[in-house]
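**Student:** Sequence:
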Amino acid sequence: MRTVVVTGSASGIGRATVKVLAAQGHRVIGVDLHDADVVVDLASPEGRAGLIPGVAARTDGAIDAIVANAGLARETPDTVSVNFFGAVVTLEALRPMLAGSAAPRAVVTASSSSLLPFDAELVDECLAGDEDGARARAAKLKEAGDGSLVYASSKVALCHWLRRVAAGPDWAGAGIPLNAIAPGIVNTPMTAKMTATAEARKALAAEVPMPLHGYMEPEVPAHLFAWLVSPENSHLCGQVVFVDGGADVMIRGDSTW
86 MRTVVVTGSA
96 SGIGRATVKV
106 LAAQGHRVIG
116 VDLHDADVVV
126 DLASPEGRAG
136 LIPGVAARTD
146 GAIDAIVANA
156 GLARETPDTV
166 SVNFFGAVVT
176 LEALRPMLAG
186 SAAPRAVVTA
196 SSSSLLPFDA
206 ELVDECLAGD
216 EDGARARAAK
226 LKEAGDGSLV
236 YASSKVALCH
246 WLRRVAAGPD
256 WAGAGIPLNA
266 IAPGIVNTPM
276 TAKMTATAEA
286 RKALAAEVPM
296 PLHGYMEPEV
306 PAHLFAWLVS
316 PENSHLCGQV
326 VFVDGGADVM
336 IRGDSTW
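According to my numbering, the sequence shown is numbered sequentially starting from 86.
Where hints are given, some of them may not hold.
Calculated cross-link-like contacts (lysine-lysine; reagent style DSS-like; alpha-carbon spacing at most 30 Å) [unchecked claim]:
1. Lys-227 to Lys-287
2. Lys-278 to Lys-104
3. Lys-278 to Lys-227
4. Lys-278 to Lys-225
5. Lys-225 to Lys-287
Derived CB-CB ranges, DEER-like [said to hold, decoys possible]:
6. Thr-282 to His-245: 30 to 36 Å
7. Gly-185 to Arg-159: 34 to 40 Å
8. Glu-131 to Pro-181: 19 to 25 Å
9. Asp-217 to Ser-96: 26 to 32 Å
No lab work stands behind these hints: they were computed from the structure. Backbone N, C-alpha and C define an ideal beta-carbon position, used for all residues, glycine too.
Go ahead and model the full structure; you've got the sequences and the hints to work with.
**Tutor:** If you want it as structure tokens, here you go:
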């Protein structure tokens, strides 16, 4: 039995991941705003402060894997705070608890939206670690009518961070595979408004085409998560694994990065 921390565990992909891992016999520590083992708000430094003591109290400070899945898809500064800063803090803060595991693993939720247009300034603010600056930039984009760039930019920044650190001493050097999944459109509460009408679905399909089976249920990325945090995943390092029904292929064609 392995002990796995899953953020965003109360709904969507996170909830499905908890169920898949529990069915495999693992102990899962769920983290979310409500209905979770550890209730914290990853949208602010103050809220994140409860993450380490909350997880430590339920695990004696020893875990085997981290699934940093919590995310928002709104045109607001909180989207940047949760999707980038919340994810990075989750991974870095809990990483020391992986030290005693025979097969430590970590994975984060990116998005196929990382292939869409983004705001370079917002990405740079994230990568510089300036949360106040990133939030201010997100608010400015919203005010200018470019709020749709906020979500994609947060995920682009996350992918860039992942590629920069995964092969370094804190992760690969410590024997910890760190990777990401990039889901296409998943049928969850977060995407409900995006897929509510035929017109909305048509517009979404133009941005994120998914020729293989269309939209997916949250169990699909959940099963991918389960493999990525398993001992069998020994050599995947710094990869963004697209599970998107072919959107990556349709958007990027021959390019693999």
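**Student:** Indicate, hint by hint, whether the structure satisfies it.
**Tutor:** These are the hints, each one checked on the structure:
no.: 1; hint: Lys-227 to Lys-287; in the structure: holds (24 Å)
no.: 2; hint: Lys-278 to Lys-104; in the structure: holds (25 Å)
no.: 3; hint: Lys-278 to Lys-227; in the structure: holds (19 Å)
no.: 4; hint: Lys-278 to Lys-225; in the structure: holds (24 Å)
no.: 5; hint: Lys-225 to Lys-287; in the structure: holds (28 Å)
no.: 6; hint: Thr-282 to His-245: 30 to 36 Å; in the structure: holds (34 Å)
no.: 7; hint: Gly-185 to Arg-159: 34 to 40 Å; in the structure: holds (38 Å)
no.: 8; hint: Glu-131 to Pro-181: 19 to 25 Å; in the structure: holds (21 Å)
no.: 9; hint: Asp-217 to Ser-96: 26 to 32 Å; in the structure: holds (28 Å)
Of the hints listed earlier, there is not a single one the structure fails to meet.
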